[in-house]
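Trainee: Sequence:
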Amino acid sequence: MTRVIYEPAEYRMRVEGHAEATESGFDPVCAGASALAWTLVEAATNREDYGAHLYIDPDRAIIEVQCSPSRAAAADCRYLYQIILDGLTLIAEAHPDNLRIGGEYHGA
1309 MTRVIYEPAE YRMRVEGHAE ATESGFDPVC AGASALAWTL VEAATNREDY GAHLYIDPDR
1369 AIIEVQCSPS RAAAADCRYL YQIILDGLTL IAEAHPDNLR IGGEYHGA
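Position one of the sequence shown corresponds to residue 1309 (the working numbering), numbered consecutively onward.
Check each hint, because a few of them may be wrong.
[Claimed, not checked] Each pair of labels, with its calculated beta carbon distance range:
id, residue 1, residue 2, range
1, Ala1402, Ser1332, 18 to 28 Å
2, Ile1364, Glu1328, 17 to 27 Å
3, Thr1330, Glu1350, 20 to 30 Å
4, Leu1362, Ala1339, 14 to 24 Å
5, Glu1331, Ser1378, 12 to 22 Å
6, Met1309, Asp1394, 13 to 23 Å
7, Ala1339, Ala1380, 30 to 40 Å
8, Thr1330, Arg1379, 11 to 21 Å
9, Ala1380, Glu1401, 30 to 40 Å
10, His1326, Ser1378, 31 to 41 Å
11, Ser1378, Ser1332, 43 to 53 Å
In short, the hints are calculated from the structure, not lab data.
All C-beta atoms in this analysis are idealised placements derived from N, C-alpha and C, irrespective of residue type, glycine included.
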């Protein structure tokens, strides 16, 4: 199960775990969630005014992005997170047994 935890007030999103949508081979749920998580990583780190901090643990399948945007960049940064969350939500709605949005944040 892949789990997504989004804390809008903290500008933090964590994507963790393996979707396990297939028993072997290509897993489209995991691929989609990973692509969106890496899109967030790239977009956030390409903007200096987002103040992005990353935590990535490939062994535990964790990608976490937390931003400290400047006041001028806050709305754009929040919009970026919302776009990524919208994509992840579409995947979760189609594959509720493999991807869940929500839960508590427990740190790295």
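Trainee: Against each hint, give a clear statement of whether it holds in the structure.
Mentor: Comparing the hints with the structure gives:
no. : hint                          : result
1   : Ala1402 - Ser1332: 18 to 28 Å : 21 Å, holds
2   : Ile1364 - Glu1328: 17 to 27 Å : 20 Å, holds
3   : Thr1330 - Glu1350: 20 to 30 Å : 26 Å, holds
4   : Leu1362 - Ala1339: 14 to 24 Å : 20 Å, holds
5   : Glu1331 - Ser1378: 12 to 22 Å : 46 Å, violated
6   : Met1309 - Asp1394: 13 to 23 Å : 20 Å, holds
7   : Ala1339 - Ala1380: 30 to 40 Å : 35 Å, holds
8   : Thr1330 - Arg1379: 11 to 21 Å : 45 Å, violated
9   : Ala1380 - Glu1401: 30 to 40 Å : 34 Å, holds
10  : His1326 - Ser1378: 31 to 41 Å : 35 Å, holds
11  : Ser1378 - Ser1332: 43 to 53 Å : 46 Å, holds
Against the hints set out earlier in the document, violations occur for numbers 5 and 8.
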